[in-house]
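Asks: Take a look at the letters that make up each chain.
Number of protein chains: 4
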Amino acid sequence: MGPGEKATPTDIENAYQLGKRIAEQGWVLLTGGRNVGVMEAASQGAKANNGLTIGILPGNNDKGISEAVEIAIFTDMHNARNNINVLSSDVVIACGMGLGTASEVALALKSKKPVILLTDSESQTFFKKMAPVYLADNVNTAIAIIENIVGAG
Amino acid sequence: MGPGEKATPTDIENAYQLGKRIAEQGWVLLTGGRNVGVMEAASQGAKANNGLTIGILPGNNDKGISEAVEIAIFTDMHNARNNINVLSSDVVIACGMGLGTASEVALALKSKKPVILLTDSESQTFFKKMAPVYLADNVNTAIAIIENIVGAG
Amino acid sequence: MGPGEKATPTDIENAYQLGKRIAEQGWVLLTGGRNVGVMEAASQGAKANNGLTIGILPGNNDKGISEAVEIAIFTDMHNARNNINVLSSDVVIACGMGLGTASEVALALKSKKPVILLTDSESQTFFKKMAPVYLADNVNTAIAIIENIVGAG
Amino acid sequence: MGPGEKATPTDIENAYQLGKRIAEQGWVLLTGGRNVGVMEAASQGAKANNGLTIGILPGNNDKGISEAVEIAIFTDMHNARNNINVLSSDVVIACGMGLGTASEVALALKSKKPVILLTDSESQTFFKKMAPVYLADNVNTAIAIIENIVGAG
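These protein sequence lines are chains A, B, C and D, in that order. Residues in the first sequence are numbered consecutively from 6, following the working numbering. Residues in the second sequence are numbered consecutively from 6, following the working numbering. Residues in the third sequence are numbered consecutively from 6, following the working numbering. Residues in the fourth sequence are numbered consecutively from 6, following the working numbering.
Note that these hints are calculated values from the structure, not bench results. Heads up, a few of these hints could be off.
No copy labels: a pair is met if it fits in one copy or bridges any two.
[Unchecked claim] Calculated lysine to aspartate or glutamate pairs in the DMTMM-like style (CA-CA distance at most 25 Å, straight line):
no., residue 1, residue 2
1, Lys-117, Glu-18
2, Lys-134, Asp-67
3, Lys-133, Asp-67
4, Lys-117, Glu-72
5, Lys-11, Glu-152
6, Lys-117, Glu-10
7, Lys-68, Glu-29
8, Lys-118, Asp-67
9, Lys-52, Glu-29
10, Lys-115, Glu-127
11, Lys-134, Glu-18
12, Lys-68, Asp-142
13, Lys-52, Glu-152
14, Lys-133, Glu-75
15, Lys-52, Glu-10
16, Lys-52, Asp-125
17, Lys-11, Glu-29
18, Lys-11, Glu-127
19, Lys-115, Glu-29
20, Lys-52, Asp-95
21, Lys-68, Glu-127
22, Lys-52, Glu-127
23, Lys-117, Glu-127
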């Protein structure tokens with residue numbers, strides 16, 4: 006999970022690497038499926054490494070969908086689909102922070118999903134006051150945390 | 006799409022064969038994901054033939070999920086998830102009829118999805134009054150219709 | 006509940022009278038909230054008689070909303086909002102039949118809500134095969150059935 | 006909007022006063038509708054002052070609903086209903102902070118709704134980095150901000 010239009014260059018680079026590493030581990034990548042920002046970069050990173058990519062789309066058709074999404078789920082429920090994203094994930098990684106991502110992190114923690122924050126420190130401070138979260142400051146750490154959670158890849 | 010608890014033996018047999026044939030064509034099977042009725046049989050038929058199976062679940066956890074579902078999307082929105090099922094499908098097949106299935110056929114036709122009714126004739130009569138539908142009286146016909154719609158497998 | 010763009014003149018007249026009678030009884034009218042067809046007519050009939058009108062809208066803003074809706078709930082989940090309509094109603098009346106209405110009747114019966122079909126006979130035949138429904142051929146009968154269900158107004 | 010089970014005594018007192026003041030202004034109170042925490046207190050405060058109270062419930066029946074909710078909308082979509090809460094509000098007030106509330110604030114800001122944060126300062130810092138928000142440190146200020154937004158009551 007991560008910002009769309011407002012992703013930073015670092016968010017994008019981290020997202021691509023996360024997608025790549027997730028694919029290399031044989032894990033499935035699930036994103037919000039749009040062709041912008043962290044969703045696009047992570048999907049591209051996974052697809053380029055033969056990973057399976059799922060996109061949970063806000064709309065009801067192919068408009069704005071990432072070309073790197075192999076399995077597209079069309080919800081037509083816009084931001085309310087964020088809850089489906091987190092419920093369908095074994096582990097949630099926030100790669101950067103924005104309003105949509107904040108809603109996903111909050112919903113994931115409310116549903117007691119493991120959440121890794123690869124974000125600025127203010128976001129980490131905000132969320133860890135409310136629930137246990139994993140903090141990561143780079144992609145390697147994030148992947149190592151997932152390995153610990155789900156067992157070695 | 007098709008009945009869960011109230012599926013008939015014919016529905017179940019048709020569903021298994023549909024799953025098998027869908028997998029053989031290299032298509033992806035999407036169902037409501039539960040471990041009963043048409044959903045279970047179709048998923049088993051597809052999985053036994055190396056097909057990719059997606060389940061759009063009503064709840065938020067593994068309880069009641071078909072073991073033949075490979076990719077589980079947890080919506081936690083119960084019957085409202087029926088709209089996601091049909092929006093995420095290129096072609097909708099109703100294999101038998103029940104209340105949930107009726108809602109899916111209606112929603113699919115409202116979204117102008119191609120719908121194949123492998124059902125009793127009263128259901129066919131009811132829906133074809135409201136929108137163009139494809140009628141099938143066996144699995145072979147249903148598969149042939151899909152081939153026509155999406156191009157030969 | 007009833008057709009929007011495809012409502013017949015009879016549907017519209019029945020809907021207006023239902024809205025009026027519901028308001029006179031002191032009941033609350035809940036519709037899909039749009040400014041067309043049965044939704045619009047029922048809301049107008051209720052509002053003109055000092056009834057409280059709720060609209061569960063498919064979108065996220067005022068566009069296309071009936072002016073007779075006093076309380077607007079914006080779902081931004083389009084046809085999936087049909088399940089909310091029926092879950093939030095004590096009694097569901099189908100005033101005419103269309104694809105959206107068919108989905109609502111099916112979902113209402115699946116959730117064991119009392120459903121009154123003020124529709125053509127084919128629709129009545131289709132649904133009563135699957136679950137107990139109330140049949141009405143005019144507004145007076147429909148209102149009398151509701152009085153029996155919820156107690157005299 | 007505000008915490009349920011984890012509301013503080015201050016949150017509860019503020020929520021009751023907000024409900025009271027909202028009712029006195031003739032505004033409509035919309036909450037998540039449950040019988041705990043900020044939802045319960047705000048609904049009670051509004052109802053005791055003849056306000057109209059709407060609850061957008063996570064489930065599909067009366068279980069756990071506040072007795073002070075007059076109009077209950079049953080979504081059966083659990084935390085995904087948070088998006089409906091904010092889309093249906095003209096102004097969103099966060100009275101205290103928790104995971105559900107954080108998701109609502111984020112979703113509200115994403116939909117460009119006016120949001121008033123009657124919360125701890127860390128939450129204010131977190132959200133105002135991402136979007137313009139109104140900050141309030143007491144109920145009087147919050148009500149004054151709403152008056153400015155919607156025009157004097």
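Asks: It remains to establish, for every hint, whether it holds in the given structure.
Replies: Against the structure, the hints come out as follows:
In the homo-oligomer, the alpha carbons of Lys-117 and Glu-18 never lie at most 25 Å apart, since the shortest distance is 28 Å inside one protomer and 28 Å across protomers. When the C-alpha separation of Lys-134 and Asp-67 is checked against a cutoff of 25 Å, the pair qualifies neither within a copy, at 39 Å, nor between copies, at 29 Å. Within a single copy, Lys-133 and Asp-67 get their C-alpha atoms no closer than 37 Å, and across copies no closer than 27 Å, so neither meets the 25 Å cut-off. Within a single copy, Lys-117 and Glu-72 get their C-alpha atoms only as close as 31 Å, which misses the 25 Å cut-off; across copies the closest is 24 Å, which meets it.
Taking the shortest alpha-carbon separations for Lys-11 and Glu-152, neither the intra-copy value of 29 Å nor the inter-copy value of 32 Å comes in at or below 25 Å. Taking the closest pair of Cα atoms, Lys-117 and Glu-10 come within 25 Å of each other only across two copies (16 Å); inside a single copy the shortest separation is 28 Å, beyond that limit. Taking the shortest Cα distances, Lys-68 and Glu-29 never come within 25 Å of each other, neither inside one copy (29 Å) nor across copies (29 Å). For the homomeric pair Lys-118 and Asp-67, the shortest alpha-carbon distance between copies (14 Å) is at most 25 Å, but the shortest distance inside one copy (29 Å) is not.
When the C-alpha separation of Lys-52 and Glu-29 is checked against a cutoff of 25 Å, the pair qualifies both within a copy, at 10 Å, and between copies, at 24 Å. For the identical chains of this complex, Lys-115 and Glu-127 are neighbours both inside a copy (19 Å) and across copies (19 Å), given an alpha-carbon limit of 25 Å. Taking the shortest Cα distances, Lys-134 and Glu-18 sit within 25 Å of each other only across copies (22 Å), while inside one copy they are farther apart (28 Å). Within a single copy, Lys-68 and Asp-142 get their C-alpha atoms no closer than 34 Å, and across copies no closer than 35 Å, so neither meets the 25 Å cut-off.
Proximity of Lys-52 and Glu-152 under a CA criterion of 25 Å is satisfied intra-copy only: 20 Å inside one chain copy versus 27 Å between copies. For a Cα distance limit of 25 Å, the shortest separation of Lys-133 from Glu-75 qualifies neither inside one copy, at 34 Å, nor across copies, at 33 Å. For a Cα distance limit of 25 Å, the shortest separation of Lys-52 from Glu-10 inside one copy, 21 Å, qualifies, whereas the shortest one across copies, 38 Å, does not. In this homomeric assembly, Lys-52 and Asp-125 never come within 25 Å of each other (Cα to Cα): the closest approach is 27 Å inside a single copy and 42 Å across copies.
For the homomeric pair Lys-11 and Glu-29, neither the shortest alpha-carbon distance inside one copy (27 Å) nor that between copies (41 Å) is at most 25 Å. Both within a single protomer and between protomers do Lys-11 and Glu-127 lie at most 25 Å apart by alpha-carbon distance, with minima of 17 Å and 22 Å respectively. In this assembly of identical chains, the alpha carbons of Lys-115 and Glu-29 never lie at most 25 Å apart, being 30 Å within a copy and 34 Å across copies at closest. For the identical chains of this complex, Lys-52 and Asp-95 are neighbours both inside a copy (19 Å) and across copies (22 Å), given an alpha-carbon limit of 25 Å.
Neither within a single protomer nor between protomers do Lys-68 and Glu-127 lie at most 25 Å apart by alpha-carbon distance, with minima of 34 Å and 37 Å respectively. Taking CA atoms no more than 25 Å apart as the test, Lys-52 paired with Glu-127 passes in neither setting, with 32 Å inside one copy and 39 Å between copies. In this homomeric assembly, Lys-117 and Glu-127 come within 25 Å of each other (Cα to Cα) both inside a single copy, at 21 Å, and across copies, at 22 Å.
Checked against the numbered hints given earlier, the structure breaks hints 1, 2, 3, 5, 7, 12, 14, 16, 17, 19, 21, 22 and satisfies all the rest.
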